[in-house]
Amino acid sequence: MVKPYEQRFPWQLDWNLLRTFMVVVEQRGISRAADFLGLKQPTISSALKRLEQTTGQVLIIRKPNEFKVTRAGQVLYSECSSIFGAVSQLPSLLQTNEEELRGHIFVA
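Take the sequence shown: its position 12, counted from the start at 1, is 12 in the working numbering, and no numbers get skipped.
Keep in mind that the hints were calculated from the coordinates and are not lab data. Quick caveat: nothing in here was measured; it's all calculated off a predicted structure. Heads up, some of the hints might be wrong.
Cross-link-like lysine-lysine pairs, in silico, DSS-like; alpha carbons within 30 angstroms at most [what the hints assert, rightly or not]:
id, residue 1, residue 2
1, Lys68, Lys40
2, Lys63, Lys40
3, Lys68, Lys49
4, Lys49, Lys63
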């Protein structure tokens, strides 16, 4: 049985927070992610806090001179990679469908 919270979760989730989280992990830090995205460090920190509140999990341990992705963060990053990988394939999949439907049909 799926809990009501789990049913609403995808609709309440800000997908931009997932993208920001992925960049933080890939850049191995909030400041580097901010530079990469052209944003300010407090904006990235705030986004990460909102994502942690939404998921109810600590995703990254942030201490001076320490950056560590938690187990929950690793799971989320892996799933985000799959999600964004699938979404990135949509243009070519849609293009393929469009190309398959083009052409002339002759009925004799």
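Verification of the hints:
no. : hint          : result
1   : Lys68 / Lys40 : holds, 21 angstroms
2   : Lys63 / Lys40 : holds, 18 angstroms
3   : Lys68 / Lys49 : holds, 15 angstroms
4   : Lys49 / Lys63 : holds, 14 angstroms
The structure shown violates none of the earlier numbered hints.
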